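Line order of the protein sequences matches chains A and B.
Residue numbering for the first sequence follows our numbering, beginning at 11 and increasing consecutively.
Residue numbering for the second sequence follows our numbering, beginning at 11 and increasing consecutively.
Simulated from the structure, these hints should not be mistaken for lab results.
Some hints here could point you the wrong way.
Straight-line C-alpha distance at most 30 angstroms; calculated DSS-like pairs for lysine-lysine [stated by the list, open to error]:
no., chain 1, residue 1, chain 2, residue 2
1, B, Lys80, A, Lys247
2, B, Lys49, A, Lys374
3, B, Lys182, A, Lys198
4, A, Lys144, A, Lys197
5, A, Lys70, B, Lys378
6, A, Lys197, B, Lys439
7, B, Lys137, A, Lys182
8, A, Lys307, A, Lys247
9, A, Lys70, B, Lys247
10, B, Lys378, A, Lys247
11, B, Lys38, B, Lys246
12, B, Lys49, A, Lys307
13, A, Lys247, B, Lys246
14, B, Lys144, B, Lys258
15, A, Lys220, B, Lys182
16, A, Lys42, A, Lys144
17, A, Lys246, B, Lys198
18, A, Lys307, B, Lys378
19, B, Lys38, B, Lys70
20, A, Lys246, B, Lys246
21, A, Lys80, B, Lys247
22, A, Lys49, B, Lys80
23, B, Lys307, B, Lys246
Quantities reported herein were computed from a predicted structural model and do not represent experimental measurements.
Protein chains: 2
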Amino acid sequence: MTEAMDMDTRMQQFDEDVETILQLLDDKSYFKARDEILKHNEVDIGEILEEVLEELGVEKTIIIFRMLPKDVSVEVFSHLPSDDQLEIVQGITDREISYIIDELDFDDKIDVLEELPANIVDKILEKTPKEERKLINTFLNYPDTCAGSLMTPDYISLQESMTVGEAMAHIKREGMDSETVYTCYVKKGGRKLEGIVSLRSLVVADDEIKVSELMNTDYVYVNVYDDQEEVSEMFKKYGFLAIPVVDKEHRLVGIITVDDILDVIEEETTEDIERMAGIMDGSDTEYLDIGVFRHVKNRLPWLVFMTVALMLTGTIIARFEAVLSQVIVLVSYLPLLMGTGGNTGTQAATLVIRGLSLDEIDLKDTLKVLWKELRISVILGIILSLFNFAKVVLVDGQSVMIGLTVAAAMIVVVMFAKLLGGLLPMGAKKLGIDPALMATPMISSITDMVSAVTYLLIASLLLGIAL
Amino acid sequence: MTEAMDMDTRMQQFDEDVETILQLLDDKSYFKARDEILKHNEVDIGEILEEVLEELGVEKTIIIFRMLPKDVSVEVFSHLPSDDQLEIVQGITDREISYIIDELDFDDKIDVLEELPANIVDKILEKTPKEERKLINTFLNYPDTCAGSLMTPDYISLQESMTVGEAMAHIKREGMDSETVYTCYVKKGGRKLEGIVSLRSLVVADDEIKVSELMNTDYVYVNVYDDQEEVSEMFKKYGFLAIPVVDKEHRLVGIITVDDILDVIEEETTEDIERMAGIMDGSDTEYLDIGVFRHVKNRLPWLVFMTVALMLTGTIIARFEAVLSQVIVLVSYLPLLMGTGGNTGTQAATLVIRGLSLDEIDLKDTLKVLWKELRISVILGIILSLFNFAKVVLVDGQSVMIGLTVAAAMIVVVMFAKLLGGLLPMGAKKLGIDPALMATPMISSITDMVSAVTYLLIASLLLGIAL
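Input sequences plus hints: build the corresponding full structure.
Encoded structure:
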């Protein structure tokens, strides 16, 4: 490493390396390919294997996977997406599977077992010692999105009565098998968590000092059934590297480390973003790995809901046939009002949903949000009205009355949409519904109807056409 | 702490505590309020002060801020949002400001200085020793969103020739002033980064072993001008606690720790989500802290763009006056087609944008994406067509020809929208534009026009009406 390359150059270099490896494998130059692969770190090898699996199929992937040194292959396996892990598991022997599962860190082990089919899991567990089997089963039973499913039991336990010197000796013995050594946990009377102590404070302290003097007893903890979203909020708020997980009796059952939280944040955000666009997908499978029918199933429910809403809007518009058939040009401004209603409402809803999800907005801020959106909508409504009035009258050459109709409807629609966009997510939160469900699909379905009614009512009024 | 409370109970408890404190401050029982406040940790005290500032104003906030022990007040200050920091800075003496800035960790110091008005920064820097002033100025000059703006120069440096025992003694001396002690950096020949070594590997190793034997020379690093989004991708990918930042000559200039990356991820995601909803806000200011006019300014550009697009759609519709005036009922299905186009297109675009931002989709996957969206859109198109045909003919009692018009237009619109939703974000990426800009606003603006034209053309064709 003589000179530092910037990120783009390095990414390009990596892509070229992957191409080379794929070419070598395609030519059946397995040993050369392995040598090229082993120039990379385990995370990158994981990415390379993903490419191999995608481009060359599962057989070649397994050939090269088996050629990796055993410790590397276990580490690489833990970095693969779960559907790739499954493909590999199905292609290797039971003996090889057992070896890999055995060697994985406890939390990776649980992640893998959660995704594997039950018959394979049973086969693996048969060969596991009874004590560990019991522990694995407990961990497998925690609901998928709670703190319990994220934690690992591999942490460093210290005793209050230890000196720093004794504690350091203990860490030296246990350190390699532990998920983290940087936060240690002090227990008393069996498994009750008494306090936590950071390795930093141990390292800078003198050897004779007692652990009890260094430990922090006013530590932050989570409950084993707390939701993972709340857990990730704790990490963001406090900037910790690890948080202890306790049960109802305040016994330490595991710890959660920050590296696993990065995945949770990504997962939770993706779920929010998808829901805001009317997509219901419970899994964290990647877009390209989701089958066509699953994609259809994820997208259809909201599409049907929105179609019904749009049909209703159509029925409302049909009621105004008298107005429309007399002044057919009104039709050409209908999309403008409906579209603007949806767009302005979505903006407000998006900001409020994000604010709620980052805890920047609370339920008690409802009136503040509405007051803000009211003022914003008045200003935006007036600007858009003037703009549209000018377009209708000056550019399109329509009558002032039609211009006024569009302008008046515009102000009402923008104000309604902004207030609705502010209110609906808050209401959802209040009712315990995910505010992300109150984004575009819901907002635009409602504003469409209201926009159509408002516009056509104002039109019949201003143009003096009886309904 | 006798029993573990779940998160909701604890949050409720905290809200009650805040209420009590606000009440005490309102009654001018400052000492009692301080005692209540000091029962909490520094992060929570930060939240309490935010509430005090919001509810009771800046004067009471400063009174209580001054009553906190000095070390607590500095720590609390570093956890406040930057606009709250500014309000406090403007209310306290220069001496107090200097004290706080002096005591802050280097990276927090830079964050605070970046947000303060230039005249205050100048005043502070005047009193700073020359060496540190130079360093601060270098850090302040890094662009806001690059690795350089996230890093801290407070890391542990080791020498290759040190033994583990010597290294541990060095860490013991320097450890308290360093941002992290858990990863240490080995330099040679001045400042060139040679390798990194984790505290874990030092702790478990014997005292006589040389650092050079333990260090990893094939470490992952970032360049000082790499974008923060790419840096956060590295953290997610590798699960590191810290990453070294080097300059062009591969000299170590600082390190970035994972706790700062959590904020970056949040910031970058918020920007994406906002852009996807047509909101342009460059800052990371919270919703409630953004003024009404800034909100208007953030939302207006896309609204105007979309208004122009909707006007164009209106003009297109006006061209089909002949068709519409002959069969006025066609108008009532116009929202259905336009709305469905926007909705289906947005679903596809959202998934592709998210996939691109998580690196799950690459530019080379463009054909795969299009092929997937094509199949999805055919299935969804057929389902929605049948559904709508039934509604138009059976429920509304319209003619079969009108039913066919709606159904045929529906298939075309859904297919077009899904392909556009897949293609536009990929195209943006290719051109170096943020794909998040290709979400709802852009997609629906285009699909609106295409939906209107498709529908009305098919209508004139099937119903035999000359344009």
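### Broken hints, by number
Those not satisfied are hints 6, 7, 8, 10, 11, 12, 16, 17, 22 and 23.
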